[in-house]
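Trainee: Sequence:
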Amino acid sequence: MNQRIPYPDLDDLTDEQRKVSDEIAAGPRGQIRGPMLLWLHSPELASRGQRVGEFLRWGTTFDARLSELAILVTARFCDCHYVWFNHVGLARESGLSEDVIEAIKFRRAPEFERDDEQIVYDFSSQLLASRNVTDETVAAARALFDDRGVVELTAIVGYYQMGMYMLATARVPLIDGSWTCLPDC
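In this text, residue positions in the sequence shown follow this note's numbering: the first is 100, and each later residue adds one.
Any given hint might turn out to be false.
Said to hold, decoys possible - Lysine to any residue pairs mimicking SDA-like chemistry, simulated, CA-CA at most 25 Å apart: (1) Lys204 to Gly257; (2) Lys118 to Trp157; (3) Lys204 to Gly276; (4) Lys204 to Gly126; (5) Lys204 to Asp221; (6) Lys118 to Met100; (7) Lys204 to Asp283; (8) Lys204 to Trp278.
Because the hints were derived from the structure by calculation, they are not lab data. For clarity, every value in this text was computed on a predicted model and none was experimentally measured.
Whole structure, please, built from the sequences with the hints as guidance.
Mentor: This is the structure in structure tokens:
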């Protein structure tokens with residue numbers, strides 16, 4: 100398998116690309132890779148996209164455990180090995196249980212000990228599977244996270260899905276050079 104859209108050569112960036120690349124690397128990510136590196140082909144997209152991503156990753160009302168849960172659900176739904184590979188360790192570090200991670204990995208419904216995780220899972224899963232969420236799930240999410248949380252959760256799922264489409268279009272290998280880390284289920 101080959102990558103279909105190459106990353107820009109970081110030693111040969113335009114001034115506009117260099118400015119955005121430096122902006123991304125100076126932020127909490129500390130580096131530029133994955134979808135953002137591909138987005139450098141469109142510097143304005145990279146600039147705006149990275150700011151949205153930075154907010155959705157580190158600025159929402161959700162703690163890392165819930166954000167990473169939504170990201171893993173989205174990665175598994177889209178069979179995005181790249182995002183799963185990059186976020187499964189972060190999910191563990193954030194306190195998401197190994198049982199929950201393994202259930203998602205093997206496309207089984209997890210058994211949650213925490214109501215907030217169940218709601219994030221249900222909301223994300225429904226949104227991805229049907230491009231909609233039931234009234235009951237929205238009401239439960241609103242009761243726990245309020246309207247702001249529902250808007251931010253929807254944005255997390257949508258943003259990561261957008262990045263996954265970019266990775267799939269470009270056919271990007273994992274950081275370790277391999278291509279897969281998720282089982283066929």
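Trainee: Each hint needs a verdict: does it hold in this structure or not?
Mentor: We went through each hint and held it up to the structure:
Proximity of Lys204 to Gly257 is assessed by CA-CA distance (about 20 Å); at most 25 Å being required, the pair is judged to hold. In summary, the hint linking Lys118 to Trp157 is supported, as the alpha carbons are separated by about 22 Å, within the 25 Å threshold. Distance restraint check for Lys204 and Gly276: the Cα-Cα separation of roughly 21 Å lies within the 25 Å cut-off, and the hinted pair is therefore satisfied. Taking the CA atoms of Lys204 and Gly126, the gap is near 30 Å; set against the 25 Å cutoff, the hint is violated.
Taking the CA atoms of Lys204 and Asp221, the gap is about 16 Å. The hint holds against a cut of 25 Å. Proximity of Lys118 to Met100 is assessed by CA-CA distance (about 32 Å); at most 25 Å being required, the pair is judged violated. Simply put, Lys204 and Asp283 have alpha-carbon atoms about 10 Å apart, close enough for the 25 Å limit, and the pair holds. Restraint check for Lys204 and Trp278: the C-alpha separation of about 16 Å stays at or below 25 Å, so the hint holds.
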